Structure formats: structure tokens, C-alpha cells
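Quick note, the sequences are listed as chains A and B, same order. Using this note's numbering, you'd call the opening residue of the first sequence number 99 and step up by one each time. Using this note's numbering, you'd call the opening residue of the second sequence number 99 and step up by one each time.
I should point out that these hints are in silico values taken from the structure, not numbers from a laboratory. None of the values given here were measured: they were computed from a predicted structure. Take the hints with a grain of salt, since some may be wrong.
Copies of the same chain look alike in the list, so a pair counts if it fits in one copy or across any two.
[Claimed, not checked] Taking lysine-lysine and the BS3-like style, the derived pairs with C-alpha atoms no more than 25 Å apart in a straight line are: (1) LYS322 x LYS750; (2) LYS430 x LYS418; (3) LYS671 x LYS465; (4) LYS371 x LYS430; (5) LYS614 x LYS750; (6) LYS356 x LYS430; (7) LYS371 x LYS428; (8) LYS322 x LYS676; (9) LYS428 x LYS418; (10) LYS380 x LYS465; (11) LYS322 x LYS134; (12) LYS107 x LYS391; (13) LYS356 x LYS669; (14) LYS357 x LYS430; (15) LYS371 x LYS423; (16) LYS279 x LYS455.
Number of protein chains: 2
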Amino acid sequence: MIRRYVYGKVMETEAIMEKPQCQEGTIPYFTVDEEKMSFSFSMEESDRVYGLGENVRGINKRGWIYESKCSDDPNHLEDRRSLYGAHNFIVVDGKVQFGVFVDYPGILTFDVGYTRHSELKITASDWNLDVYVIEGEDVKDIVKQFRGLIGRSYIAPLWAFGYGQSRWSYMTADEVRDVVKKHRELGIPLDSVYLDIDYMERYKDFTLNDETFPDFAEFNKEMKEQNIHLVPIIDAGVKQEEGYPVYEEGLEKGYFCKKEDGTPFVAAVWPGKALFPDMLNKEARDWFGDQYKFLLDQGVEGFWNDMNEPAIFYTEDRLKDVLEKLDTFKGKNLDLNRFWEFTGLVSGLSNNVEDYKMFYHNINGEKVRHDRVHNLFGYNMTRAAGEAFERLEPDKRILMFSRSSYVGMHRYGGIWQGDNKSWWSHILLNLKMMPSLNMCGFIYTGADLGGFGSDTTEDLVLRWLALGIFTPLMRNHSAMGTRVQEVYRFENMDGFRHIIGLRYRFLPYLYSEYMKAVLRDEMMFRPLAFDYPQDSHAVNVEDQLLLGDGLMIAPVYEQNAEGRYVYLPEKMKMVRFKVDGTTEEEILEAGHHYVNISLTDVVVFVRPNHLIPMSSGGQCVEDVDFENLQYISYIDNGEAVYEYYHDNGYEKDYENPEHIRVIRM
Amino acid sequence: MIRRYVYGKVMETEAIMEKPQCQEGTIPYFTVDEEKMSFSFSMEESDRVYGLGENVRGINKRGWIYESKCSDDPNHLEDRRSLYGAHNFIVVDGKVQFGVFVDYPGILTFDVGYTRHSELKITASDWNLDVYVIEGEDVKDIVKQFRGLIGRSYIAPLWAFGYGQSRWSYMTADEVRDVVKKHRELGIPLDSVYLDIDYMERYKDFTLNDETFPDFAEFNKEMKEQNIHLVPIIDAGVKQEEGYPVYEEGLEKGYFCKKEDGTPFVAAVWPGKALFPDMLNKEARDWFGDQYKFLLDQGVEGFWNDMNEPAIFYTEDRLKDVLEKLDTFKGKNLDLNRFWEFTGLVSGLSNNVEDYKMFYHNINGEKVRHDRVHNLFGYNMTRAAGEAFERLEPDKRILMFSRSSYVGMHRYGGIWQGDNKSWWSHILLNLKMMPSLNMCGFIYTGADLGGFGSDTTEDLVLRWLALGIFTPLMRNHSAMGTRVQEVYRFENMDGFRHIIGLRYRFLPYLYSEYMKAVLRDEMMFRPLAFDYPQDSHAVNVEDQLLLGDGLMIAPVYEQNAEGRYVYLPEKMKMVRFKVDGTTEEEILEAGHHYVNISLTDVVVFVRPNHLIPMSSGGQCVEDVDFENLQYISYIDNGEAVYEYYHDNGYEKDYENPEHIRVIRM
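Start from the sequences, fold in the hints, and give me the full structure.
Structure, rendered in C-alpha cells:
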């Protein structure tokens, strides 16, 4: 049951498609403090709290304070409160069970036992919000109801389930050709190469650098003939440059965000000074979406939207101020306070919260200051694209994923988990975010495998890939200035070929589970707690996940480890895929196990009376035979039944019952 | 067996007291590339590499690249290569076993399978170094030989094994009184309060703020009457201020580091512009050491030396340059490159490696540029103090620990593990550094419990204390601007009282094991690999330690965990100390176990036929009865024998055989 409570005058986010009538009376579970703009719930010692989508820390969010404030912060550390998304949905699971979604586009705080161990407190920045309280049979049911409320998640094309290679940046078409050639020569499967900002002409959206990527349509075709999709990045900021049509047209039509005085808001991002299309203004959004046509027309079938928190390197006005202030420091014997002031001025140039108060949106004619709706910007940039794809390419699935997001954006695209690092701890963070994101509707997601920032190591890439082969988005991406990390840069080619090859063998199951999760409002990745709520150990497991109904995964995430502990809430079959191509199976009893997992082993656990359809693999998704299936299975005194979803991966007749086949064993 | 190889003209570090004759012929195990100034060893797949003292990552250092370069970096992340110390000792353990110590005061790189998984490569910055290769019966023997080579470790006074409370900063004597009062009222044991930089008059070493800490000697006496030791901080930089005697005298005598032109090198640290005593010049070192008398005379018996990498906020010259350069940015439309240049100039003001090339030491009359001997600075600051204490207070043990260090400094003081964070991952880093530091002679050590930077949580403090009660230095410390974390700020007073109280119950064993480790050149904390080298699982355990001969510890380091996995290489007795004061014992078989450990439980594992002497506790070390002992023990078909070391904790007759008593059970 979903109940809606309205406080103040709600700013429309369109996160929810059909809103239930709002309730009279007081909200259950919470104590409301209107003055402090907060809702408090008193937690029992054993209560767990799930949700919040893309954020730091555990699957169980208890013990920290989180802020919904879309932030461009590349240091995904335990002490951060926000990442790129704002996903205001939690489920409390313990003595009582309920979900809460706070539909609110400003900054919102979730203190989940941080200030006081026993108190959950949600605090808004102003008192205009919609709150949904959801009760159900169990946590899965509560999530399903919430997912029903927010509408069907975005569906990616099948090719986007292949392995993708990225780098900030492949600087020329020849570099891309070389990446593809090396993978093909080594027999490492590959389906896409991502183009980071340098494919553009001086970082101008919807342009191409003609010198480094000449005749792009032809190049794109050449790549497609090799079953490679090129996936260019699109940034939120539009370069301020006379003669650049996107800038000129947007300016002329008044589509950019404006300062209070009505002049355009200018801030520097990759291209230097840039303007921000008013993604919250329907007309501007439509116009921005139409720009993708430039690349669609060259045969591009996938995009990633970046910098859309929006990230700001500096604003014109603040930089001017700072440079003037810096003048006053010259020739002085700066004491420490003055020195900190000085360095603070400079470090405060980027993503300054005060800058988010300096520009305005035009929402249905109403002038709204950005900070009030900050968390909707990336969402609506991606919505601009998603809506445009429906207009421009109604019969095609276009790959789209975004950095910033809000609930609602899940209908238009996936997300990647942002600019992580080559840290072992980020394998685990990748894993932990999967179910939290699934709860909030983000099913097409994954992290930059091998790590984006910092220098990686060969063993880190191997171990991370052994998780990444299970996430819908499987992409190896790394930042300029860091150690190169295409797998062919390392030595263990047999290992890489084996692990990435397994992705293609698992594709029938992965795609089927992905589609069912989307179409049925279910979670592709679930914590053990959701399926084994009565198991007092399982409910606290933070480093294993259920993947669909049949599989449990438990990747290794520690350097030099020869294996890991795995908890089995019930008897399962462990299947080990070895680098020599052989497979070993072993039935393990319920309970705790230490499992040896070598650097090139991939180990999965099959639940009783389940079967996992697999293919014989391929060098690209196109090669994969989704019809003649192989299986791994664990039949324990019964029958295994699997509902196998498959469609052609490109059309949109998702609901066609012919896509489902029941397999019995 | 220790063999010494000399390359080039060695810069004397005095890390080693009596150097063996140097060997003719080529160094074993390694391939030397003189041109690249490197030593390479080819690792087997199963080789492990231990050592490097204070650094990031695992007990097994394999899979990363480390730099010996004393660095003031508060972000102790996986991707860092250096922390505050330079500890150039490693042991390779696998098909072959040997130790290597590279006695070299400049920047040295240890690539332990980072670039290539199978290659260990040590690279120096110039070709003037002493290399010691050590072979022995096993890893423990190799370490013991190395420890013999570098001389006996510093010994702390007994009171310094009590619980210490710190904050940057307690601003007044009354604040300190309040801290003490709250602990005493709540029955939380306490032995010391640390004074961070604000006790001084405007951050001037060897001064006192008379307004906030009036009549310090009297205050110190008042505290001692409550069994509280005040432990002030001393910084490496001496404020440039006319009329300040330390500055005036040092300048007059030419004791500060100088620029190439002979004028003093000036850099800003806490007091603003400051000069650095030339710790490598014996005369200057003696002079600086004598300054501690000012505080010794007020009754102070302990110090911590900080900022001695040395940390530099900015140099006078660089700041001037930067401010001038910033002028050229005014009124410009900065493109990104120019913007990064701009922010890079400012962020590069602090701890800039170029600044370490701008000043010189006078070493026995030779002018030596700082970067060549960078890693010796903190070492010699602490040596200044240690040598002075021997002159000024020959009969007393003075507490001394430092932030920066090099092997050799272990004879003069301990270290704390630097400015960590309130991160769960730093509980584990704390644990992992203990044996690595012990290998290098640093026995009196510990981390800032609860975390220095970032905001802590109650559960993090509880869990961290449950490790910290076992480390010689047990101090709760946190940074200005972060959440306060004295234990009385939280709710679970029974839990804190219980856990900290246990420290005092374990003191007989801890102090005895500490003293034996020091006097016998052994390790107080050892990885399981060192004691169970034949156990293929034990050798990879990274989150448990042996503490002395009888105990194994396995703290919980994950939020919301209800326990953890523990591996027992042999049958042991698990002893659980519960918050209600009761103790539960259980014999566990060798192998893997999941052990439930509530937030207030402390669990230890006793090895077979060992006994652990304990006391009945106390509110301060002075209260603890080290004579009438209680025991936990595990007698398994035999007799337990314990060599109990105890002295009065203040005198220096360490070798007196009366301090050892053999207890049989």
C-alpha cells in the first residue's frame, strides 16, 4: 500500500507518473518537526536501512549521514555524503518494514543513525515536499510497489551488454582502430569503444574533430562492420563561441539558464566558458534533445551524458572576484588564516554551492532558482536525450547512460557509477551500489572497471572484471594521466580472455534477468537479506549478491587474496570456471565457507532447483547464440524451471509473450 | 648472516650502529643495473614481501609501488606511495627467503610487482647507498638480525601505556580539566591528555600561552596528582619573530637550514613564517634538544614531535612567485589549461618537492642539499630530543613519539601512524602497519583511534578502541573541525568503560610483551605468516595478528558487522569479554570460523599452552596491580610457561634479571 503525504507547495519533479491522492492525517512511523523541516523515526537496534541508490558505504546504510545533492566528486570515500545522484528512497527493515520516498528536488539529508545510533532523521531544505510511505509483504514487495510508482526503467540495446573499452581519451580514429585490432587479434571480446571528450572539436557538444576523426560516419560504419559500436560522450555545458550553431541558436531562443538579471549564466567546464541549456524548460529540453540527431545521423547508437550535476570548474563572476581578492595578498606575510583564506578561495572555485544559487530555470514560465531544483538537472538532460530518441529513432533502442540522476531519470537511461578510482575498495563499492540502484529503478548500470582515477594494477583489473562480467554495463574506463589499462597492456592474456569471454557465455542469463527485472519492476541484483530475511547471518552480508533468481555472486576484492569467505544461506552448487576452459562443480552445504579463487577463476553459486542458461560465447554480442543454450544447474530433489526471456535485442516489443520461454529440467 | 654491499660514496645516516665490513663481489638475489640505479629480483608467483614500515596497503606489500619519501599527506589511500616515514627494510618470503635494508637517505622506490607482477625492483635517486642482505633460519630470524643491526628500540615509560585523550586542540587548561573530570566521573580510565599546537603562544615551540594555560607547572602538577600526564606537541619549524629567544639564538648561532646563498630558508608552517633547525648538524641538534628543558622543567614527561617531514605550507620565495604569476591571469578568459595551471600553482604551494631542493644542511662541515637527505629530518629532530633527554633527565624515561621517521629513529622514540581518518578502512590499516613497523624497530606505536580527520561515528570509535587497547600507544585524537570524539560525547558509556577498562586489565601482558620485544629484538605484533609459515592459508591472512607469544587478535573493522571470520591455524581458546563484566571461553578447532562479536564485545584467542597475565584493572596505570595477577590461559595437554617481564616502568635498569619471572601453570 502506498500513501502519499504532501507538505507545503510541491515542486513537480515528474519522478512519479501517476500520483496517488494525498492522505489526510499524520504520516505513520515518523515524528514530524515542521520547524526543523524533519521527519524522525526511532530505530530498533536490529533495524537495517536500505536504499539511497548511488552513494557510499554499505548496502545497509545505517551509521552514516547522506545528502541528496548531485555532486561531481571523484573521491568516493567513506566520509563523503553525496555522489552524483539523488535517490531519495529507503526501506526500513526490522521490527517494522516500510519504504519512504521523498519526492523533493532540493538538498535532502538522511541521518541514518549518524548523530544518534537509534535515530533515522530526514531533513529537507525547505518545507515543500511529497512523501510516499509504502508498506508491503516484505522488502521485495515494497521495492516492487515503489518501482511500479516510478514507471518502467530504461531498456538498453542488446549490444550494450557486450564489453566496452574506454579511455579519457582515445585521441584519434586510428587509436580506436588500434584498440579494436588488439582485442580482436588477442581474441578478447569487445562490442564498443567509448569516445571521451576529445573526439569533439574543442569540447563542443555535437561537433566532431575533423582532423582526428575525419569522415566520422564512414569510420562509424567501418567499426560497425567489425561489430563495434562507438559511444560518444555529451557534456552538459555548451561552449560560448560565436558561430557555433548550438550556442548561437540556444542563445537566440533563450534556452540557456540565466542569472537573476536575465543575462546568461556562464561557467567554465571542458570547453572553457560555457552555457547550460535549461533542461527543466520543456522547449529547451526538446531543443537540446534534437541536437543528438547530429550524431544519430552519422550512425551513432549510443551516448553517455556527463558533467550534468552540473559540474562547474568556475564561474566567470567568481573567478573575477577571486582574482581581484588575490591581489590583496601580494607582498603580505600571510599568516596561516590568511593563507587558508587564499588557498580556500582558489579551491572553492569549483562546484561551489553558492554558484548554484546564481542561476535560474524557467519551469512552465516560473523562474526557479537552481539550488531549489539542483537534483533534477542531470535527470532532465538525459530525459532530453531519451525523449528525443523516441521522436528521432522511434524504432531503435539507443544506449544512454548518465552521470548525474534523480529518480525518474531511470525511465530514460542508465547510469554509470561515476569517476571511481583504481582502489580495491571500489570493487566492493561497485557491488554494494548495484542493489541500491536497482531499488531506485536504475538497472542498466555498472562501474568503471579497473578504476577511473589513480593507477591500476593487473590483478585489480582481473579481479574487478570478474565482478564486472555480471553488471549490465561492463566497461573498462580510465582517466587521462593514469596508467593505461586496456587489458592488452598487461601480461595475463589467457586470464583476461577467459574472464571477459565468460561474460559472453553468461549473456543469455544476464539479458534475460535484466529484461525481467525491468519489465516486472524487480531487482536484478539483490542483497541476501531480501531473499533470506529469516537468516540472521544472511541479512548482514555486504559482499555477496543474488543475481536474478538462480545465481549468487561473491567476487574477490582484496589484493593478494587467494580466495574469500562465502556464506551460503542454503545448500548451493558452486561452479568454478577455470582459465583452462574447464568447469568444476561442487555442492556446498549451507553455512560459512572459505573458497579458494585464483586470479583467473570465476566462481558462481547456483541456488537449488535453478538453472542458468548460457551460450558458447563469442567475440561480440552479435556472435552469441541465444537459442542453442547450455546450462549450469543445480537440481536438488525436484525440478528446475526457468523463464527465459529473449528478444532480438533491438526492437521494442518488450511485452510480446513470445519473448518468454519456459525451460524445465 | 648479514652481508653489506656499498655502492658509490655513502651518505652516513647512522641508522646502523656498527657496520659490518662490506663485501666484495656481486650482491646475491638481485640483478643490478647501475645505469638505472636499480636492483631487480624475480619473484615467484607465491612469493610474499613484508616490511616498509609505515605505508599503505597490505602486510604483504606485493602488487604496488612504494616510495620512501617522508610525506605530510593526510589521505592514507591505496593509491599513495608514501606516508610520513622511510623504512627501507623488506623481507622476501617464498622459494627463497632474505631481507634487504637499503640505507639511503634520499628518495627510494620499491616496485613490488606493480609494473610487472613478477618483478621486485628497488630504484634509488643517486648511486650512493649501502645495501644489507640478511639471510636466516626464517623470517623472524631475519627480522631479529636486522633489529640487532639497527640497535635497541626506544622504551616508553609505563604511564604511556595508559589511555590518552587528544584533540586538535584543547584550547585552555579548563578544557583539559573538563576532559579529565568527565573521564573520572564516568569511570573511564585515563592517563594522559595531549596538548596540540594551541597550548603554545602563537605556535612558538617551547613557549606557553599564559592566558589559556596560566601557571603551567602548577597545572601540570595538579594533573599529575590526578595521575594525568600532559603531553605537549613540538613542531619542527621555529617561528621567525624578533625577540623570541629560540629564533634569535638559533639565528645568531647559524643553526637553521640555509638557502644556497647562506641566508636562512624561510617557510610557513603553523606559526606563519618559520625557520628549520638543522637537525643533521650535531651542534644544532644538541641546541634544539636542549630547548625541551623549558618544558621538562615544568614537570612535563612526554612529547610528540610533529611536522617533521618537514611539512611546508609554503615557502616565502614560492609564494611571492606564485602571487606574481597570478597577476597574469587577471581579466583573461582562462581556458582549461590555463585554469589548471592557475589552480596547480596554488595547490603546489604546499610540500612542493622543488622546495626540498632549496635548502641545505651542514653535516660535519659539508653542505648537503636537503633532498639528498630528506628522509633523515624527522629522525634527527627526534634524536635531538632523545639525546637531550639522556643529558637532561638521565634517570627518567620520557615519552617521545614522532610523525616522521627513518630507521635509526626507533632508538629515540616511537611514532604514531600520522593523520589518519575516521574511516573503517583505517582500523585495518592501523592493524596492518603494526607488524611492518615492528620489523623496522618501531615498537611504541599506534594510530589515532576513532580517526583524526573526517567525522567519526560512535560505532567506529567502539570498534577501533577494541583494536587500540592492544597497541602500545593508545590514543584517541581528532582534528579541528571534525566531530568531537571523546568517548563521553556518545551514548554507550558502558561499552566504552568496558573496552577501555580492558586495556588496563591486559597491561601486565602488554607491557611484558612490549619490553621483551624491545630487549630481544623481536616483534610484539606478527602476521600469522611469521609463526605458521607452513600453513598455506595463514600466510595470506591480512586481518589478524599475533600479539606476543600467547595471543591472537582479530578485530572487527566493518560497519554494521555482527562479527567476522577468523582463521585459526591451530586449536585455540576464544575468550570473550562481555560488557556485563563476564567472560566466556570456548575452545575452537583449527580452521575457519565466523565469530559473532557485538559492538561491546572484545574477543581474543589464546594459543595452546599459553597463559596471559592480566590485572584487575584500574582508572589509571598507577592503579594497576602488576603483582597480583589473574590469568586467562589455554592448557592443552601440557604446561603453560610464561616469562613475565615487569619493572617499575620508570627506571632504566631494563636488563636487570629480576624483572623476569617465570610463571608456570
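For each hint, the structure was consulted:
Taking the shortest Cα distances, LYS322 and LYS750 sit within 25 Å of each other inside one copy (21 Å), while across copies they are farther apart (79 Å). For the homomeric pair LYS430 and LYS418, the shortest alpha-carbon distances inside one copy (21 Å) and between copies (9 Å) are both at most 25 Å. Neither within a single protomer nor between protomers do LYS671 and LYS465 lie at most 25 Å apart by alpha-carbon distance, with minima of 59 Å and 70 Å respectively. Within a single copy, LYS371 and LYS430 get their C-alpha atoms only as close as 32 Å, which misses the 25 Å cut-off; across copies the closest is 11 Å, which meets it.
Taking the shortest Cα distances, LYS614 and LYS750 sit within 25 Å of each other inside one copy (14 Å), while across copies they are farther apart (74 Å). In this assembly of identical chains, the alpha carbons of LYS356 and LYS430 lie at most 25 Å apart only when taken from different copies (22 Å versus 38 Å within one copy). Proximity of LYS371 to LYS428 under the C-alpha cut-off of 25 Å is restricted to the inter-copy arrangement: shortest distance 15 Å between copies versus 27 Å within a copy. For the identical chains of this complex, LYS322 and LYS676 are neighbours neither inside a copy (32 Å) nor across copies (65 Å), given an alpha-carbon limit of 25 Å.
In the homo-oligomer, the alpha carbons of LYS428 and LYS418 lie at most 25 Å apart both inside one protomer (16 Å) and across protomers (7 Å), since each shortest distance falls under that limit. In the homo-oligomer, the alpha carbons of LYS380 and LYS465 lie at most 25 Å apart inside one protomer (13 Å), although the nearest pairing across protomers, at 71 Å, exceeds that limit. Proximity of LYS322 to LYS134 under the C-alpha cut-off of 25 Å is found in neither arrangement, the shortest distances being 57 Å within a copy and 46 Å between copies. When the C-alpha separation of LYS107 and LYS391 is checked against a cutoff of 25 Å, the pair qualifies neither within a copy, at 37 Å, nor between copies, at 68 Å.
Taking CA atoms no more than 25 Å apart as the test, LYS356 paired with LYS669 passes in neither setting, with 61 Å inside one copy and 71 Å between copies. Only between protomers do LYS357 and LYS430 lie at most 25 Å apart by alpha-carbon distance; the minimum there is 21 Å, versus 35 Å within a single protomer. When the C-alpha separation of LYS371 and LYS423 is checked against a cutoff of 25 Å, the pair qualifies both within a copy, at 21 Å, and between copies, at 22 Å. For a Cα distance limit of 25 Å, the shortest separation of LYS279 from LYS455 qualifies neither inside one copy, at 48 Å, nor across copies, at 46 Å.
In summary, the numbered hints that this structure violates are 3, 8, 11, 12, 13, 16.
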